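Q: Single-letter residue listing:
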Amino acid sequence: MMKFIIVLISLVLISLFCGCESEEIVNVELVYEEYTVVQAELIPDKRFPGVRFTKTLPLGVPYNIKDTEIKNITAYIRINGVQVIPLIYTEDGLYKPFYYFYIDEGDTYELFAEQGEKYIYSITKIPLKPEVTSINYDRNDYHLYADVNVKQGEVYSALWIVTLGNALRAEDFFSVSSPSNQNSIVRVRTSPVPEEYLSGIYSGTRMIQVFALDKSFKDYFHTRNSGQQLNDPFIQGTGGAVEWNVQGDKVIGLFIGVAPGDIIEVF
Amino acid sequence: MKIFTLKILKISTIVLFVIVLHSCIDDNISPSLTGELNSTAELLVYFESIGDFANSEFAPALIDADEVYVKKNNYLIIDVRENSDFALGHIEGSVNVVSDSLYKYMENLDYAIYEKIILVSKNGHASAYYTCLLRLSGFNNVYTLNFGMASWHVDFAEEWFNALEDLDDFTDEQFPKNDFTNLPMLNFSNPSTSIEEKARERILLLLDTAFKNPEVYRNSFILFENDLLVCYGTSMLYSSKLYGIGHKVGTMHYISSPLYELRSVNYLQTLPPDKPILIYSFNGQLSACITAYLRTLGYDAITLQFGANQIFYNNMFVNPELAAYAFDQTDIKNYPYVIGD
Numbered sequence: 007m008m009k010f011i012i013v014l015i016s017l018v019l020i021s022l023f024c025g026c027e028s029e030e031i032v033n034v035e036l037v038y039e040e041y042t043v044v045q046a047e048l049i050p051d052k053r054f055p056g057v058r059f060t061k062t063l064p065l066g067v068p069y070n071i072k073d074t075e076i077k078n079i080t081a082y083i084r085i086n087g088v089q090v091i092p093l094i095y096t097e098d099g100l101y102k103p104f105y106y107f108y109i110d111e112g113d114t115y116e117l118f119a120e121q122g123e124k125y126i127y128s129i130t131k132i133p134l135k136p137e138v139t140s141i142n143y144d145r146n147d148y149h150l151y152a153d154v155n156v157k158q159g160e161v162y163s164a165l166w167i168v169t170l171g172n173a174l175r176a177e178d179f180f181s182v183s184s185p186s187n188q189n190s191i192v193r194v195r196t197s198p199v200p201e202e203y204l205s206g207i208y209s210g211t212r213m214i215q216v217f218a219l220d221k222s223f224k225d226y227f228h229t230r231n232s233g234q235q236l237n238d239p240f241i242q243g244t245g246g247a248v249e250w251n252v253q254g255d256k257v258i259g260l261f262i263g264v265a266p267g268d269i270i271e272v273f
Numbered sequence: 004m005k006i007f008t009l010k011i012l013k014i015s016t017i018v019l020f021v022i023v024l025h026s027c028i029d030d031n032i033s034p035s036l037t038g039e040l041n042s043t044a045e046l047l048v049y050f051e052s053i054g055d056f057a058n059s060e061f062a063p064a065l066i067d068a069d070e071v072y073v074k075k076n077n078y079l080i081i082d083v084r085e086n087s088d089f090a091l092g093h094i095e096g097s098v099n100v101v102s103d104s105l106y107k108y109m110e111n112l113d114y115a116i117y118e119k120i121i122l123v124s125k126n127g128h129a130s131a132y133y134t135c136l137l138r139l140s141g142f143n144n145v146y147t148l149n150f151g152m153a154s155w156h157v158d159f160a161e162e163w164f165n166a167l168e169d170l171d172d173f174t175d176e177q178f179p180k181n182d183f184t185n186l187p188m189l190n191f192s193n194p195s196t197s198i199e200e201k202a203r204e205r206i207l208l209l210l211d212t213a214f215k216n217p218e219v220y221r222n223s224f225i226l227f228e229n230d231l232l233v234c235y236g237t238s239m240l241y242s243s244k245l246y247g248i249g250h251k252v253g254t255m256h257y258i259s260s261p262l263y264e265l266r267s268v269n270y271l272q273t274l275p276p277d278k279p280i281l282i283y284s285f286n287g288q289l290s291a292c293i294t295a296y297l298r299t300l301g302y303d304a305i306t307l308q309f310g311a312n313q314i315f316y317n318n319m320f321v322n323p324e325l326a327a328y329a330f331d332q333t334d335i336k337n338y339p340y341v342i343g344d
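Chains as they are written, first to last, in this note's numbering: chain A, 7 to 273; chain B, 4 to 344.
It is worth saying that the hints were derived from the structure and are not from the lab. Only a predicted model underlies this, so the values are computations on that prediction, with no experimental measurement involved. Where is the CB? At the ideal position from N, CA and C, for every residue including glycine. Treat the hints with caution; some may be incorrect.
Unchecked claim - Pair by pair, the computed Cβ-Cβ distance ranges are:
(1) A/TYR38 to B/LYS215: 41 to 47 Å
(2) B/ASN86 to A/GLY87: 46 to 52 Å
(3) A/THR169 to B/ALA327: 53 to 59 Å
Chain A on its own, in the form it takes in the complex (with noise of 0.2 Å):
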């Protein structure tokens, strides 16, 4: 009895380790698989921009935005959970409202939209412009912060700019700070600036900008491919491997709100 008790463990043992081992085999043959990638960037005060529906291309097919615009879709914006405003597709895969209309803070827009069998939805809230209550820079790497007062639902990032000759500004986000239950104040930090604008030609020139953004924005911040080119902090096409706050089968993207603060000099 024993014995067979011995054999069964084992044998079970066995099976846990065998049967729940990954059957994932890579073969760069098969890994691709067609993405629909959503984009959509809502400002308050702001014309609504549209939303871009394109398709992932597999590795190695040179990106031309005719092979990805994707014109079969049937798609409409929700307003506050009432107005409907339809999408019209215009070119390149971008669907815009027949009529422009413009965004408002504090609002709640929802995107529907289907694609053959496949239904998709996003939602994001257009958060409020953000209240910087101080600035200041961090001598040992030179990034600059904020302390901004904190609005439920919302997250908050900032970039270094500056604006001597042609403005310069941070390509990318350094970090996406969220509230913690208790403060009513969070610290935002931009990347450090780079040396070659800490020098006294550049006094006065060197500002902070705060972003606020809706909250699923931090997801996407931390999972998105980190090793492309930056040429927009928002939207970098369609790295990650999650679905950031666009669902769908096989859908992925951003669909955010997102409120600029104003530029202020900090040093």
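Got chain A sorted already, so can you dock chain B onto it with the hints?
A: Relative to chain A, chain B alone:
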């Protein structure tokens, strides 16, 4: 001791089985997103994707009798009255197609060969209604004869003249629009069909049920307890300033040109989805068009047939802008017509 050890082993075995079963369940199972778009919202998408005719400067696509008379050989004239009315007199060369056959007739027609297709009704309201429905279907060269057969010949103008009226008890008080609310709910025979098919189904249904009193229009100013009264036109139609006369108590104003307040981005969804909405315009032709649009979306919209002409007719002549929409003898051209089928 041996029994105790056996018990321990048995329990361990069971625990291991449970672990095996649970640990191999894929933790990444997430329910796939399912759902359907709101059908009424889909119709809105469709109508705007083809130009949103009802909320455009082109609505209600009126065309005067003079132009029709001069170019009647280049235009296709479709008389949408009942056959008995058609037999009493119609424009020479016109064809008689009643509303429930209209869509099929248009589908089978090589309509692009005609410079314009003119719908003709008795007073201009039914044809404005059907014109809007056909435009919403993508038939973009359809127009409606201004004032209908009444403008073609005085023999057909009796209903227009009988409708002209001057009511009293007007106000200049502004009545604010309602809060935004949901679109009406529409059901389709096949909910998963394309939006083009849904639009077609809806428009066919409205053409089949025709321009009827009292479901679609009222030919006298009667307001029931549950009705929402809507003035659809410029400020001149609503306000007493600059020689207008004002409006009835409780009337809500939706500006047509240039703001087009019934567009989706404006105040469309401040209309109640579950109440009758009686709409008047200057002479009932624009309101017939917007009624067609709203009924397609599922609103219980009803047009006041002759518009301001049956509310404050004589006052319309005080102001040239209003006078342009008042029906009078100058609108009747007395062109020849033919009798029989």
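Q: Taking the hints in turn, state whether each one holds.
A: Against the structure, the hints come out as follows:
no.: 1; hint: A/TYR38 to B/LYS215: 41 to 47 Å; result: violated, 58 Å
no.: 2; hint: B/ASN86 to A/GLY87: 46 to 52 Å; result: holds, 50 Å
no.: 3; hint: A/THR169 to B/ALA327: 53 to 59 Å; result: holds, 57 Å
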